[in-house]
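Engineer: Got chain A sorted already, so can you dock chain B onto it with the hints?
Residue numbers (the numbering used here), protein chains in the order written: chain A, 1 to 194; chain B, 1 to 194.
Keep in mind the hints are simulated off the structure, nothing from the lab.
You may find that some hints are simply not true.
As the list claims (entries may be wrong) - Capping the alpha-carbon separation at 30 Å, the derived lysine-lysine pairs in DSS-like fashion look like this:
#1 B:K156 with B:K38
#2 A:K38 with B:K156
#3 A:K156 with A:K38
#4 B:K156 with B:K50
#5 A:K156 with A:K50
#6 A:K156 with B:K50
#7 B:K38 with A:K38
Unchecked claim - A few chain A residues facing chain B, derived, Cβ under 10 Å:
#8 V11
#9 N20
#10 H24
Here the structure is a predicted model, which is why all the values come from computation and not from measurement.
Glycine included, C-beta positions come from ideal geometry on N, C-alpha and C.
Protein chains: 2
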Amino acid sequence: MNYCSDCGAPVSLLVPPGDNRERHVCSACGTIHYQNPKVVVGCIPEWEDKILLCRRAIQPRQGLWTLPAGFMERGETTREGAARETLEEANARVEVGQLYSLFNLPHIDQVYMLFRARLLDLEFSPGEESLEVALFEEGEIPWELLAFQTVRETLKLYFRDRPGGHRGLYSGDIVREWGADEPRVRVTIHEERG
Amino acid sequence: MNYCSDCGAPVSLLVPPGDNRERHVCSACGTIHYQNPKVVVGCIPEWEDKILLCRRAIQPRQGLWTLPAGFMERGETTREGAARETLEEANARVEVGQLYSLFNLPHIDQVYMLFRARLLDLEFSPGEESLEVALFEEGEIPWELLAFQTVRETLKLYFRDRPGGHRGLYSGDIVREWGADEPRVRVTIHEERG
Numbered sequence: 001m002n003y004c005s006d007c008g009a010p011v012s013l014l015v016p017p018g019d020n021r022e023r024h025v026c027s028a029c030g031t032i033h034y035q036n037p038k039v040v041v042g043c044i045p046e047w048e049d050k051i052l053l054c055r056r057a058i059q060p061r062q063g064l065w066t067l068p069a070g071f072m073e074r075g076e077t078t079r080e081g082a083a084r085e086t087l088e089e090a091n092a093r094v095e096v097g098q099l100y101s102l103f104n105l106p107h108i109d110q111v112y113m114l115f116r117a118r119l120l121d122l123e124f125s126p127g128e129e130s131l132e133v134a135l136f137e138e139g140e141i142p143w144e145l146l147a148f149q150t151v152r153e154t155l156k157l158y159f160r161d162r163p164g165g166h167r168g169l170y171s172g173d174i175v176r177e178w179g180a181d182e183p184r185v186r187v188t189i190h191e192e193r194g
Numbered sequence: 001m002n003y004c005s006d007c008g009a010p011v012s013l014l015v016p017p018g019d020n021r022e023r024h025v026c027s028a029c030g031t032i033h034y035q036n037p038k039v040v041v042g043c044i045p046e047w048e049d050k051i052l053l054c055r056r057a058i059q060p061r062q063g064l065w066t067l068p069a070g071f072m073e074r075g076e077t078t079r080e081g082a083a084r085e086t087l088e089e090a091n092a093r094v095e096v097g098q099l100y101s102l103f104n105l106p107h108i109d110q111v112y113m114l115f116r117a118r119l120l121d122l123e124f125s126p127g128e129e130s131l132e133v134a135l136f137e138e139g140e141i142p143w144e145l146l147a148f149q150t151v152r153e154t155l156k157l158y159f160r161d162r163p164g165g166h167r168g169l170y171s172g173d174i175v176r177e178w179g180a181d182e183p184r185v186r187v188t189i190h191e192e193r194g
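One chain only, chain A, in its complex shape (with noise of 0.2 Å):
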């Protein structure tokens, strides 16, 4: 950020009054222009022991394979950006369930928010930012072809508690750390359940 959105003029970085952070304000005008994390909305769609997954059309992780979710919009809660972004990814009509993994990306600003999700219909198709949507059973999963850890970690879980049915919300952190050349990523998952 370089200029102030509001009036035009440069802006600086310095600690307002009353603040303990480094914010862009104006010059000019006084703003300030807060920055904060964003949130990603998603499902997991399920049809029979089936879940559909879309391999993506662009950047980043173009080519591979990742669960319906994108950026919450404004004028929407959580459950809608969800079944919208499932819509606009793969034109896959879905009731959207329970939140099941909520995770937290502070390296890259990002809260993913994950929800279970039954699919209504089968006349899905790719969206524009996909290349292919397709069903995949336990087996079928393209482990080693998913764009996002998010998405791993949750297929992981989702997978592993299939059998005996959980349905809690798990949170969990993945934070890269720098080891001694190379960041390392480190995955912490909370049961959020009594």
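Structural biologist: Below, chain B alone, put in the same frame as chain A:
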């Protein structure tokens, strides 16, 4: 938003190719400036059968009582943010427990997440944004002087469930609807467990 925060040129409101919503797009460098909901994180700090509330020193709802909560910052997890807000607003140290309530407020583009938390000591005091900080038993909660509906709904659920010890997650939508002449608020609660 009037100007591009990258290059300072005027922005236009238009639907970018491949998108289906109006965005602020720079007329010079073409940058698309997305705007997304924000996450508010906070705690229900518990000490024996009491919970901690803060009386707000700032707008909005100055002088009213609330749970310690605020906007999630970049580089932190939801739990870290909830603990930080509790420290900032109440100078209170907590061990953050389970996610208790998640509220969507689509009319103001916020997602609230409130965690149960164990107060580690009684050395709390008002932070810069608080006038007072105090512990309340159920019968002492100032229901008519609570600052936010998210806090009111969360505390109603919390005290309703306390005898039985519910520890699951509630999620809800607080939606402002326009009726004949005034906005009404509709609250929907989901119980996020099997």
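Engineer: Please go over all the hints and tell whether each is borne out by the structure.
Structural biologist: Hints and how they fare:
For a cut-off of 30 Å, the pair hint linking K156 of chain B to K38 of chain B stands: about 24 Å separates their Cα positions. Between K38 of chain A and K156 of chain B the CA atoms are separated by roughly 29 Å; this keeps the pair inside 30 Å, and the hint holds. Taken as a hint, the K156 of chain A and K38 of chain A pair is honoured in the structure, with Cα atoms around 24 Å apart against an allowance of 30 Å. For the hint pairing K156 of chain B with K50 of chain B, the CA-to-CA distance comes to about 14 Å; that is within 30 Å, so the pair holds.
About 14 Å separates the Cα atoms of K156 of chain A and K50 of chain A, which keeps this hinted pair within 30 Å; it holds. For a cut-off of 30 Å, the pair hint linking K156 of chain A to K50 of chain B is broken: about 39 Å separates their Cα positions. Using a Cα cut-off of 30 Å, the hinted pair K38 of chain B and K38 of chain A holds, with the two alpha carbons roughly 7 Å apart. Of the supplied interface hints, the one on V11 of chain A holds, with its beta-carbon coming within about 8 Å of a beta-carbon of chain B, less than 10 Å.
For N20 of chain A, the interface hint holds, since its Cβ comes within 10 Å of a Cβ in chain B; the closest pair sits about 8 Å apart. Taking 10 Å as the C-beta cut-off, the interface hint given for H24 of chain A holds, the closest approach to chain B being about 8 Å.
This entry does not satisfy hint 6, going by the numbered hints stated previously; all others are met.
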